[in-house]
Every structure is written in C-alpha cells, then in structure tokens.
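Could you build the full structure based on these sequences and the hints that come with them?
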Amino acid sequence: MDLVTLWFWLIALTFTLYFFLEGFDFGVDVLRPTLARTEAEERALTGTIGPFWDGNEVWVIAAAGLMFSTFPVWYGAVFSGMYPLFVLILLALLLRGVSFEYRNQVDSERWRALWDWMSFGGSVVPSFLWGVIMAKLIEGLPVDADGRVEGGFAAMFTPFSVVGGVTTLLLFVLHGANFLLLRLHTDTVLYRRARKAALRWGALATVAIVAFVVMGYVTEDLFEDFGVVPWAFPIAAFLTLASIWLALVRRRDTLAFTMSGLTVLFATVTVFIALFTRGEVLPSTLRAEYGLTLQESAAQHYTLVLMTWVGAIFLPLIIGYQIWNYYVFRERVRPDEGALSHGY
Amino acid sequence: MDVVDLSRFQFASTSIFHFFFVSLTVGLAFLIAVMETIAYRRSDRREVYGKMTNFFGHLFLINFAVGVVTGIVQEFQFGMNWSRFSSFVGNIFGVPLALEVLMAFFLESTFIGLWWFGKDRLRPWMRLGSIWLVAIGTQISAFWIVLANAWMHHPVGYEVVDGQARLTDFTAVVFNYKAWLYFAHVQGSAWVVAGFLVLGVSAYHLLKRQDSDVFSRSLRIGLVFAAIGTVFSIVSGHTAAQVSREDQPMKFAAMEAQWETSDSPAPWSLVAVIDQENRENTFSLEIPYVGSILAYNSLEGRYEGLNPLNEEYQERYGEGDYIPPVAWVYWSFRIMVAIGSLLLATAFLGLFLWWRRKRGLDTTRWYLRALVLFIPLPWIANFTGWIVTEMGRQPFMVYGELTVTEGVSANTAGEVLAGLIGLWAVYLALIGLDVYLLTVTARAGIHRKPEAQLVAAPAPDYEGAGFQGYEKRD
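Chains as they are written, first to last, in the numbering used here: chain A, 2 to 345; chain B, 785 to 1258.
Derived by calculation from the structure, the hints in this document are not laboratory data.
Quick caveat: nothing in here was measured; it's all calculated off a predicted structure.
Glycine included, C-beta positions come from ideal geometry on N, C-alpha and C.
Among the clues, some could well be false.
[As the list claims (entries may be wrong)] Where chain A lies over chain B, by a calculated footprint (3+ residues, C-beta under 8 Å):
| id | region |
| --- | --- |
| 1 | 893-905 |
| 2 | 947-959 |
| 3 | 1203-1209 |
[Stated by the list, open to error] What follows is a list of derived Cβ distance ranges for each label pair:
| id | chain 1 | residue 1 | chain 2 | residue 2 | range |
| --- | --- | --- | --- | --- | --- |
| 4 | A | 108 | B | 996 | 24 to 30 Å |
| 5 | A | 208 | B | 909 | 47 to 53 Å |
| 6 | B | 1026 | A | 318 | 36 to 42 Å |
| 7 | B | 1219 | A | 314 | 45 to 51 Å |
| 8 | B | 1223 | A | 322 | 49 to 55 Å |
Structure follows, in structure tokens:
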C-alpha cells in the first residue's frame, strides 16, 4: 500500500472515529428535551457526556488537520466548495460547545431554557449536515474549471443529500440512546425511557438507511465498482442496525451500543469506499475532468512520510488515553445525584 | 468590499477572538498547575492553596471551552476561505497544524476533564499530573501554531514547483528562528494576560478585605508570573522588531511610518499624521537617536523607508503596491509598546513594594486599585500586536511568495458576508458572556453560595473539594 492510500484510509478512520464518538454525544443532546422531565434528569443526561464531549469533538479538528496536511487540495476544495454548510456547522458547534459551560452559570429558568435550545439545535444541525456533506462527496459538486462551485447554497441540497442528512441524524440519535443505556443506572425511569427511545429511533433509522442505500444504487454509481463483494458494507450497515432491535428487546445494552457503533462505521466506510474505487475524491457534476482525483490532491511524498511517523506515534497514544478517560468515568449516572453530576 | 477583503476581515476577527480566549488559557494553565503543586507539596498550606486552585480553576474552565470551539473555526477556515493558499502551502503548513491537534488538542481537552471531574476518582498525583499535562499541552499547541504562522512570515526549507510549495527540509521549518522568537513573544504575553488577571482579581478581594489568606498569596504568584512575562515579551518583541528590519523591512518601516530612508542616527516618531495616499507624513513629532537604538541597539544606523522599498519590491515581485496600511501598523505598535512598558513598570513596582516591606504589597491600596483597572490592558496589547505583525506583511500571505489575492477561495462575496455576519453575532455574544461570567465569578470570590452558581460540575465547594485524597497520602 502506498502512502497516499494509507493516508486516505487514515482520514477515513479519523472521520469514522469522529462520527462514532461525537455521534453519541450529539444524540444525547438531541434526545435530552424529550427524555428529561425534571432538572435533575436534565443534568444527569448532560452528566453522561460531560467528561467526554470535548475530547470527542477534537476528532473533527484532527480530521480537518490531517486532511490539510496529507490532502491539501482536497481539503481546500471540500471546505470552500461547501462553504455555507461548514459555516452552519461551525455556528452550531460554537453555540453548543459553550452551552455545556454556560447553562448552569446563571440561576434562571429562561437562561437554562435558552442554552437547552442551543445544545439541541447545535446538535441537530451538524448531525444532519455531516450526512449532507458525506452524500455530496459521493454525488459530486458542480465544480467548474476554476475550482469554483456553482449554484451556491441550494445546490447542496438534493434528494440524495437530504436523505443522507436524515440518515446520519437518526443514526446519531439511536447511537446516543444506546450510549445512555450504558451510562444511566438501570433502575431509573430515565433508563427505561432511553430504551424506548432507542427502539423508536432505531426503527426510523433503519428506514432511512434503506432509503439511502436504494437511492445510492438508483441515482449514483455508488455500488458499481465495488469489486468482489459489492454490497458488503451497505448490507453490513443494514444488518447491524436491524440487530439492535434484537439486542434491545433482549436487554443486551453493550451489544446494542456496539451494533449502532458498527453501523456508523459501515456507513462511513461505504462513503470512503465509493470515493476510493472511483479514484476521485471530489467528482464534478459538470464535467468529469474537473473532478479531483486522489493522487493529484495528495501532498508530496516527504510530507506523507513525515505524517506517517507522526500518526504512528500519536494516534495510538491518543486512543489509549481517551480509553482510559472513559474507564475513569465508567460509573453509571443517576438523576437524584443531579447536583453532583458531571458536565461543564 | 470584495471577497479578499471580506475573507481577510473574517480571518482577522476569528484569530483575534480565538486568541482573546486562548491567551488566558495558555497562561492561566501554568499558574494553576503551580498553585496545585504547592497544595500537593505543602501539607500545612494545603487548604489555602486548594481553595486557590479551585477558584482560579473555575475561571479557567469558563474560558476554556470557548477557546476550544473558536479553535475549530480557526482550523476550518484555511480550507473554507483560503483554499488556494491551502493548496499552495499544504505540503508544509499542514504538518505543524496536524501536530498541534495530535500533540496538544487531544491532550488538553481530555485531561482538563480528568482534572476537573476526576477530583474524587483520581489519586492526588494523577490529578496533579493532569493539570500539568493540560499546561504542557497549551504550550505545545502555541508552539506549533506559531511555527506555522512564522513560516508564512519567513518561509524556509521549501522550493516552489509548479505553483506549489514543496517541503525540502523539515528541520529548517522547526528551527526557523522567527518561529522561536514569535513563540517566546506569544508565550510571554500569555503569562502577562494570566498574571495580570490573577493580580487584578486578587487585588479586588484584598481591597474588600475578604479571604486575604488566599488572595495575598495568589497576588504574589501572579506578580512573579507577570514580572517574568513582561520581561520575556518585551525582550523577545524588541528582538522580533529588529529581525523584521532584516527579513520584512516593509513591516519595520510601516511600524515607524518612515516613508523615505532615514538619516543616521535615525530619530523615532512619537506621534504622526499619516497620509497613505500621498505617501508622506503631514506631521511627525520625533525624538532623536531612539530610531537607531530601536533598530540596532546603537546610536547610529539608518533603515530603509517605505517608498524606496516599494520600488525594490516591484522590481523583485512585479508591478503592484507593496505598502501595508501604515497608520494601522504605526498606531498599533505604539499602543502595544505603551501598554507593555506600563505593565513592566507595574510589575516591578510590585516587586519593589514586596521587597521593601513584607506586607507592603497587600496594604498599598492605590497600587491594588491600579491592578484591578489594568486587567484588560494585556488583551489590548495582544490585539494590537497581532495587527502589527499581520497587517505589516500585507499584501503577502506567504512572504515574497503568495499574496492574499492569490490565496483566497473561489467563494462569492455574498457567501462570505453571510457567514461573517453569523460568526460576528456569535463571537460578540460569546465574548460578552465570557467577560460577564468571569466578572461575576471572580467578584463572588470563594464564599459564594452554591445556589448562585449552580455549576453542573462539582465546583461549588471551593473549600478543598478534590483535595480529600491527600489525607491518605500524608
């Protein structure tokens, strides 16, 4: 495997880890208004992700940073080509990030309600838009000869990309509900509500992912060049998703969470496989030759060698201490400990 | 305004807002680590230093998250607004950026949670280790991002092939003298920000005569940091200015609003009325010799002016106007230097008061009042400092290689403007809230009622929360 290929897959890994990790903390924030009925419950739910969300979010900075250093042209084209979407994601992440910290600094109902909306909206928007962005990567953008994207904001939303957005949103909500099953005390009402939510959102997510796969098959050439096992990843995504239902009914919480995590992984990998097999990381919908290929968007060999050393040293280290972080805060959360719950 | 101006304005505002928060984070992390180390080592002072750590730790946390989220904008906007720049420099510029994320961001944001929330779960040495890792992480982060910035001012270790910069020597990039100078300067100014915040907050409570046992000690820690920080940033800043006379002469001339090559010995302009259009000063109040001292540490020596430099640049880089916005650079430089000198004097006056009489520092009330008033000054100095260094290298993005016009993305002005309005609205709200919450928390002091604070984190109890584990160790 040459270094360009290696780094393409490391970028895929970084995005996968980001969606896997921040996926569930987004999900918890989206679910919070419907699950929590009291202030103590609100805080317990925030407490389940309090010590983790910040470390999770750094993975998106890592994804951008690694993309910049190893695929500078691709990085520039994607981030400027979908400019309005990234602005919206940034605004959402800004407001949501500080809501953890600011919500409980002033003792007022309206103040708290304001920040609850920020953390809800600030999680819904990026959850949806990341799906749109991933779908647009497959579908391509109206990139012209000068690298300018024509059509502006409206061009970002096609039926395929909107279904992609809905899929990631629902997947993250399901993933968040499953995460809550691991983090809440099993004898609480909140825990039971989380299980119900997982079943309900899981069903919707299954419908969405089937729709996305079918649309991908019908309108895109997504699954044409898959080689030996063309359907492996979308089918795996569907199967793991379906198995969650079984896990939830049988009360196998860890299995359910693992499965929703695998679904996120398979779904993300599907996108990157589609890009990789075409050899085109950002196709142009106007003319094929305006598209961006993997090789031409990569950094020079020396940079890739350097980055491989950097990645080999630091990625395992980071994953190691993040796992330790989860281990330290493994204890389940209970609403009546509201005042002592964790969260910024 | 066209898309270049809008994108420049957006980059400037994001960087300045981001640095508003992180300069405090970088400096304060170290101060808190020192406070906690004292609490760890001195069992007789544990209660006092435990309270101090928790109190300033709370201020630190209010500020920390905003620094993280504005950092995401910082990381995205190279690609969003400057995609041609990203393609041009990606081979080199992306590496320090990626190193910053992998070596620092993960470290900071994981261990800050472990430090704060892990109070009753971690052993004391692990908790102490966590805050030190956060402090070290902030330094690493500052180093790599400043290294990337310095490369744009003074590109080294590269060659340009087919309109793309290619890395030839990464060691040269790491040991770029400009990077180390800028790092020293940024580091020093972060210590000044944090030192004067701790000084001001401590002085406020000493004036109110509450919790003097904690605040007279934090005042001394703050003073030591502030004194070191001011010396550090002034020495490195002075050196950076002299270096820029050699490698960015245009910036140096703009700092002095020197249109024609100066005499030797060169005077130094204290105030001037600058006419950028006609390329002259209509008025300038000058002090003899100081210009040469500034440029050469000597009583003689001349330096080139903007107009002759412009002709030189045109010969080298082609037609165009290479003179930066002189008035901005000139006045920002003066404001920065004035504040820096004032803060240096303040810090050393404090050391003098402390040396003269043991309680002299706590009882000189006019001095304490001045400290409270001076809290915002380091931020203004930072802000103007960035204006000097970034506006002073216009129109270049990568000095001598790429101008801002060549580096900008193919976005429409409307897109960028819409995004800019959204970002500004959020930035203003965040900065307002940050200042408000810092003020409220700082004023409330240690004996604030938990209800008033209602922090989701177990912060309310400053009384020594998180230091219970120490008993087992003693």
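Checked hints:
1. 893-905: Our answer is that it holds, as 9 residues pass the Cβ test (under 8 Å) against chain A, meeting three.
2. 947-959: Check passed, 4 qualifying residues.
3. 1203-1209: With 3 residues closer than 8 Å to chain A, the region 1203-1209 of chain B meets the three-residue bar; holds.
4. A/108 to B/996: 24 to 30 Å: Since the Cβ atoms of residue 108 of chain A and residue 996 of chain B sit about 28 Å apart, the hinted range of 24 to 30 Å holds.
5. A/208 to B/909: 47 to 53 Å: With Cβ atoms ~52 Å apart, the hint holds.
6. B/1026 to A/318: 36 to 42 Å: 40 Å, holds
7. B/1219 to A/314: 45 to 51 Å: 39 Å, violated
8. B/1223 to A/322: 49 to 55 Å: 35 Å, violated
Hint check: violations occur at hints 7, 8; the rest are consistent with the structure.
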